[in-house]
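Engineer: Sequence:
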Amino acid sequence: MTTVLYRKYRPRGFEDVLGQDHIVSVLKNAVKSGRVAHAYLFAGTRGTGKTSLARILAKEAGCADEDLLEIDAASSRGIDEIRALREAVRFSPLRGKVKVYIIDEAHMLTKEAFNALLKTLEEPPAHAIFILATTELEKVPETILSRCQNFSFRKIPENLLKKSITDIAEKEGFKIDDEAAGIVALMAEGSFRDSQRTLDQILSLGNKEITGEMTREFLSVPARAIVENFIESVLDKDAEKGLEAIRLVAEKNINFAAFLKLLLRDIRSMILLKHAPTMKKNIQDIHGEKEFAFLEKLKGQAKPGELEKALKILLECCDSKNQSYLPQIPLELALLKILS
Numbered sequence: 001m002t003t004v005l006y007r008k009y010r011p012r013g014f015e016d017v018l019g020q021d022h023i024v025s026v027l028k029n030a031v032k033s034g035r036v037a038h039a040y041l042f043a044g045t046r047g048t049g050k051t052s053l054a055r056i057l058a059k060e061a062g063c064a065d066e067d068l069l070e071i072d073a074a075s076s077r078g079i080d081e082i083r084a085l086r087e088a089v090r091f092s093p094l095r096g097k098v099k100v101y102i103i104d105e106a107h108m109l110t111k112e113a114f115n116a117l118l119k120t121l122e123e124p125p126a127h128a129i130f131i132l133a134t135t136e137l138e139k140v141p142e143t144i145l146s147r148c149q150n151f152s153f154r155k156i157p158e159n160l161l162k163k164s165i166t167d168i169a170e171k172e173g174f175k176i177d178d179e180a181a182g183i184v185a186l187m188a189e190g191s192f193r194d195s196q197r198t199l200d201q202i203l204s205l206g207n208k209e210i211t212g213e214m215t216r217e218f219l220s221v222p223a224r225a226i227v228e229n230f231i232e233s234v235l236d237k238d239a240e241k242g243l244e245a246i247r248l249v250a251e252k253n254i255n256f257a258a259f260l261k262l263l264l265r266d267i268r269s270m271i272l273l274k275h276a277p278t279m280k281k282n283i284q285d286i287h288g289e290k291e292f293a294f295l296e297k298l299k300g301q302a303k304p305g306e307l308e309k310a311l312k313i314l315l316e317c318c319d320s321k322n323q324s325y326l327p328q329i330p331l332e333l334a335l336l337k338i339l340s
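In my numbering, the protein residues as written are 1 to 340.
To be clear, the hints were calculated from the coordinates, so they are not data collected in a lab. Using N, Cα and C, we set each Cβ at its ideal position, and we do this for glycine too. Take every hint as true, because none was put in to throw you off.
Here are the computed lysine-lysine pairs in the DSS-like style, where the Cα-Cα straight-line distance is at most 27 angstroms:
hint	residue 1	residue 2
1	K8	K171
2	K299	K312
3	K280	K309
Per label pair, the in silico range of CB-to-CB distance:
hint	residue 1	residue 2	range
4	S340	Q301	14 to 24 angstroms
5	E244	D65	57 to 67 angstroms
6	E289	N115	54 to 64 angstroms
7	E289	K171	16 to 26 angstroms
8	P304	P157	23 to 33 angstroms
9	K28	P157	15 to 25 angstroms
10	E136	R86	20 to 30 angstroms
11	P157	K312	15 to 25 angstroms
12	V4	D238	38 to 48 angstroms
13	E316	D238	19 to 29 angstroms
14	F91	D21	31 to 41 angstroms
15	Q149	E244	53 to 63 angstroms
16	D65	K252	46 to 56 angstroms
17	E213	D65	37 to 47 angstroms
Produce the complete structure using the sequences and hints provided.
Structural biologist: Dropping the structure here:
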């Protein structure tokens, strides 16, 4: 059976971790100086490397495989499981220097389970390290937070996701074009795991050359021309052109959320190009040459405040796009409001 990409390309050492340099630096120094803490809390959105980095830290701290215990708090969330952990933690490591307990989705633990865990965190055995990982930091009690070293994991930037997707495709014997990699990166919303899962699905189609057109069709993402027509309609004050773009999205049964995401990204990029020229290279890396040339040309046509107004109204549209039995209605109203 073929190993899925996100497992095959999971980071194995500190040097493999991308997008979390601020955390890797601190943990590497802690290991090097022999000052590894007894409790850590890794918080961040899905697919940003929390569990992978927890496993790497365990290995670097001297934990053998048989002394590493991973607990999924989503399914083992009660006080009985934590009591069993407290019993086990008293015993010395079987082979390594330390025993490491990784508690994934820690926010799912019950109040009673957190209270039981707190006692162990207050007086941990010298050989024990606890690493809690969560996507919902606000649900973790303050008493737990205060006894852990807390690290906030950032979403992975699009340019890093694009590079990762391109590199993995090449290693797997496929060629993915710049546009296709950009679409996968955008839809992954800062998650390595989501980008690799999507790439896995696309590779399973069997085409050795992955194009932007193929990727758009597979992910129900609108054609580039539709996105550009909508943006041009905003700057040209052409309601008919913009409404026609929206009609095509509905007619072709394209994902409206994906359409809106592309519009927000493009308009934001034009605003940044106008006000922060130093970000030009980063924006070029994200969009690719053809898209970037279009944005560069159009941002010069925008009147002061025009792009900012459009971005604000489209952001408001994000909250209402799923509340209509005709999903195009909020976007149609947003366009007319922008042009008013």
